[in-house]
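Going down the list, the protein sequences come from chains A and B. With the first letter of the first sequence counted as 1, position 59 gets the number 52 in the working numbering; the numbers rise by one all the way through. Counting from 1 along the second sequence, just add 78 to a position and that's the residue number in the working numbering.
Hint data in this document are derived by calculation from the structure and do not stem from the laboratory. Ideal Cβ placement from N, Cα and C applies to all residues, glycine included. Any given hint could turn out to be false.
Beta-carbon label-pair distances, calculated as ranges [as the list claims (entries may be wrong)]:
#1 Phe113(B) <-> Leu48(A): 41 to 51 angstroms
#2 Glu60(A) <-> Arg107(B): 23 to 33 angstroms
#3 Asp88(B) <-> Val13(A): 39 to 49 angstroms
#4 Thr117(B) <-> Thr20(A): 24 to 34 angstroms
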Amino acid sequence: MANIAGFGINHSNTGGDFLVGEAWLATKQGSYMKKRKVVLSATYSLGQISVGLILHPYQTMQALVREKVFIWMSLLPSLVLMSTTLLWKIAVVPLVRFVFSCSELSGMVFSCDWLDFVSNAIAFYCIYWQLLLFYLLIRFNSAYRNKL
Amino acid sequence: MKNSTLVKNDFLKELQKEARAQKKLNEERVFPEFFDEVTSFIGVYSWQTLLVLALITATLVEIF
């Protein structure tokens, strides 16, 4: 009597029961595989759209507005800015201050003085990126609404 | 053979439709013609332009 890890399949049963058990297992595995595929596919799509919005915002936004899918992804720069700010405050700044002695290193190439500059640069990048995406969103929305 | 010709015709029709849409989109002017070169440059080199602008702004913020 063999019990396959928690699935309760009794291999000593008759062939019919075994087949039912196998079918149930296959269904269970099938649904797991399906879920896995959906998650992988969604992750892949979100990744592709994110990369597209960074490298080719014009074409990507046009495709998003035309297909009317993942339009919320136009808020990606704001999400990136929020998560970067959190990560920056929680991890990066304390780590840099812990690793380097800021007072000793000020004036060197990699000193704590650069923290403000880098954080400002990231923030401005995200703000400009968001403005660009909003502009493209409005532009393509109005164009496709007027039956392009 | 007939089927492949049909597919080819459908593809060409789709292509023509897309070309018309892109042409119309290009004709709908938001900024004046003067900015055409700047906007197409930003369109081609988007992330690079944004990065340079962000670095310049951050530098200005640091200076002033």
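Hint by hint, here is what the structure shows:
Phe113(B) and Leu48(A) have their C-beta atoms about 22 angstroms apart, which leaves the hinted 41 to 51 angstroms range violated. At roughly 25 angstroms, the beta-carbon separation of Glu60(A) and Arg107(B) lies within the given 23 to 33 angstroms, and the hint holds. At roughly 47 angstroms, the beta carbons of Asp88(B) and Val13(A) sit within the given window of 39 to 49 angstroms. Between Thr117(B) and Thr20(A), the C-beta spacing of about 55 angstroms breaks the proposed range 24 to 34 angstroms.
Checked against the numbered hints above, the structure violates hints 1 and 4; every other hint is satisfied.
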